[in-house]
Each structure stands twice: as C-alpha cells, then as structure tokens.
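**Student:** Chains as they are written, first to last, in numbering that gives the first Met the number 0: chain C, 0 to 149; chain X, 0 to 262.
Because the hints were derived from the structure by calculation, they are not lab data. Just so it is clear, CB atoms sit at the ideal spot from N, CA and C, and this is done for glycine as well. One or more hints might be untrue.
[To be verified] Which stretches of chain C does chain X cover? Using the computed rule of at least three CB atoms under 8 Å from a CB of chain X, they are:
1. 40-49
2. 54-64
3. 90-99
4. 122-132
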Amino acid sequence: MRPFDHLTLMQFCWAALSILGFSIRVNLKGWKILLIAIGGGLTWAFYLIFLYFSKSLLFSVFCSVFLVCTYSEIMARLSKIPVSVFVTCVIIPLVPGSNLYYAMQAYIAGDSVVASQNLYKVLLISGTIALAIAVVSSITNLIFRMKNRF
Amino acid sequence: MNRITSTEALEISMEIGRILLQNGSTANRVELMMCKVCSIFGYPETEAYVTPTGIFLTVSDGKEIFTTSIKRIENRQTDLGKITKISHLVYDMERQYCKEGVCYWNADKFREELKHIENEKTWPDWFKILCGGLTSGCFCLLFGGSWLEFAVAYAVGVLVSLSLKLLGNLKLNNFLLHILGAALIVVFAKVLDIWVPYIKLDNIIIGGIMLLVPGLSFVNAIRDTMSGDLVSGTARGVEAIFLAIAIAAGSGIMLKLFELWGM
C-alpha cells in the first residue's frame, strides 16, 4: 500500500470512527470527542506512513505515538480535557490486541515458534508505546518548567 | 462570607479523590487535585497519599488540629467523562467560587454538585452498546476485514457490549469479567460463522478483543511510574498484564473447546 492514496484515507476514517465509538463508550461527550477521534485516526495514519517509508515496525510505532502525543498535549490544553484522558483514547489503535490473539491461536495450534514471535511483539510494541508517551510527557514538563523559570 | 471548616474541606476533597480514582485517573493526578482543592479552601498544609486501592489524606488547619481520613476504593471502572467533569469543577472553583479561602458556595452546595456529577448519565445505555459495535466493526476493517466481516464484527461487538453490561450487574471481579468477555467474543463469532458464509474469523475476533484490551491501566501505569509514584505504577502495570492474560486465556479456552468439538 502506498501512503497518501485513498486506502490510507479510508484507514484513517475507520480508525477515527472506532475511536469515536470508544470515547462514547467511556462517557465523554461534546464536540471534543471529534478532536479525540481525529487523534486516533492520525495515530494509525502516521503508523502506516512511517511503516511504508522505514519498513521498521518499532520505529514507526515510536514516531506515530510521539507525534500523536504532541498533538494531544496541544489539543488537550486547547479543549480543556485532562491530557491523560486524551492520550488514553488516542493510542488505542496501536495497542497490540491482534498480536495477543495470534499468539494465543498459535499456541493452541501447537506452533510455539509463531506464538513466541507474536508474544515478543506484544511486549516490544507495548514497551515502545510506553517509551514514547514517557518521552513526550517529560519534554512537556521540561518546557513548562523552563517557561515558569524565565 | 463563611469559611469552610477543615473537616468539610477534608470530606469534599476526599469525595473528589474517590470519584477520580474510581473512574480511572492516575494516582499522581488524584494527589495533586486533592491538595489543590484543600488549598483553594484555604488549607495549604495538606498531605495526600494515594494508591490504586486506597486514599490517605491529612488536612491541617494551620494551628494545632490535624484531621486525617482513609478511604478504601473498590469496584473501579472506566469513565473518563466523570474525570473531565471533576477537572472542570475544580477549575471553576479556583476561578469563580473561591478566592483565598473564602467561598461563595457553602459545603452543601459542593456536595450537591458532586452528587450530581456522580449520578449524571451522559449517554443512554443502548447508544453506548451500539458504539461498542462501531468500535469493534471499525477495528475489524482496520486489520483488513471485508464489508461482510464488518457487519459480523458489528453484531459481535453489540452482543458482547450487551452481555458485559448484563454481567456487570452480577458484580464479578474484573479478571473473571475479562475472561468471560473474551470467551463470549469467540462464541458469538463462531456461532455467526455458521450462518454467514465466506468470512475469516481472525479479524472479527481481534475487533472484539480491542474492546477489552486494558489500554487505560497501561497508560496509567506508565504515567504513574514516570511521575515517581512507584507503588501505583507497579500495581497498574501488573493489573494490565493480568487483564491481558485473562483475555488471552478466555479466548484460548473457547478456541480449544470449539476445536475439540470439531468446528
């Protein structure tokens, strides 16, 4: 799949719609959930674009979470939603639920090589998402401290 | 204008902390919020210690009286709407209702407002159940499903949201609820597979599982650990790992049973 064609756009829409559903499930309301939905779509779109150019799974996960966390730090301050609420909803598309399922399926089929590969991926992807969120929140804290200092 | 006593300040900030923690806020944020509320009421010498299962709060009136309260937190759930509303309430308190310890509202008014936030229903239940279907269906498309698979995943999502809602009335613990939820996803997908031809079950089941993954515990674990709250960070991390195991176990058991039965 090439980036920036209609397929990426459709994937963006689906990710945005699913995050819209998710944010209604956790009782958020108002026009702000549209911002959250766009954030969720951007997560997946950035992931696909970086994956196309770099061919590296973890690098694209890191970059997309990094960019989207920056987006959500800005938008959360503009729309007065707590940042943690925003980030929680926005990273959902990258949470490795599919690898978890494939690992389970492979274990049941008796294929422990595929199973451990997928389990390893689950751990690596979650670790990468954690790292990216941590980096962005530390940078934000640093910027605010600098702003108060000077 | 009357000043709110330290006992009332303790009670109100404890209630705010309880609502925040019960609906899935990070421990660090709860501590900051409770200290902020107490200092808005004019009691800046406040100490708070929050773990995912309990709150300790001490308010000093600046002279000799220290008031301490402990609250045990049970049945946690995910309701980010309430967290947003509480944040807005605290923000409004700071801006409008209170200035340097003098409040234009008395304690009863605050209690009433908190009770209102606690009991308010944002969306009707049937709408949330339909949105569960939307989430599951769109994740199915995202992982490469076809439109027919979208329809099946939508049905599975709606059925699972409905049954999770009904199972929630039984007050089961969280792990059992996730095991049952994941098992039900596989059951519904397999049963619908009998009537609908030409579908692959993988994407449908993944779409359903995305409804259950512990995203909130995961993000909270990271944020707590990063803010130096090691106890809550580890506790939430372990919670996330256990919930993931519960999901894998639930779907695994059902897949194995269906395989043994020969489907």
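**Student:** So, for every hint listed, does it hold in this structure?
**Tutor:** Structure-based check of all given hints:
By the rule of at least three residues with a Cβ nearer than 8 Å to a Cβ of chain X, the coverage given for the region 40-49 of chain C is violated, with 1 such residues. Taking a C-beta to C-beta cut-off of 8 Å, the region 54-64 of chain C contributes 0 residues in contact with chain X, too few for the three needed, and the coverage statement is violated. Figure legend: the region 90-99 of chain C, annotated as covered by chain X; annotation consistent (7 residues with Cβ-Cβ distances under 8 Å, at least 3 required). Coverage of a stretch by a chain is defined here by at least three residues with a beta carbon nearer than 8 Å to that chain's beta carbons; for the region 122-132 of chain C and chain X the count is 4, and the condition holds.
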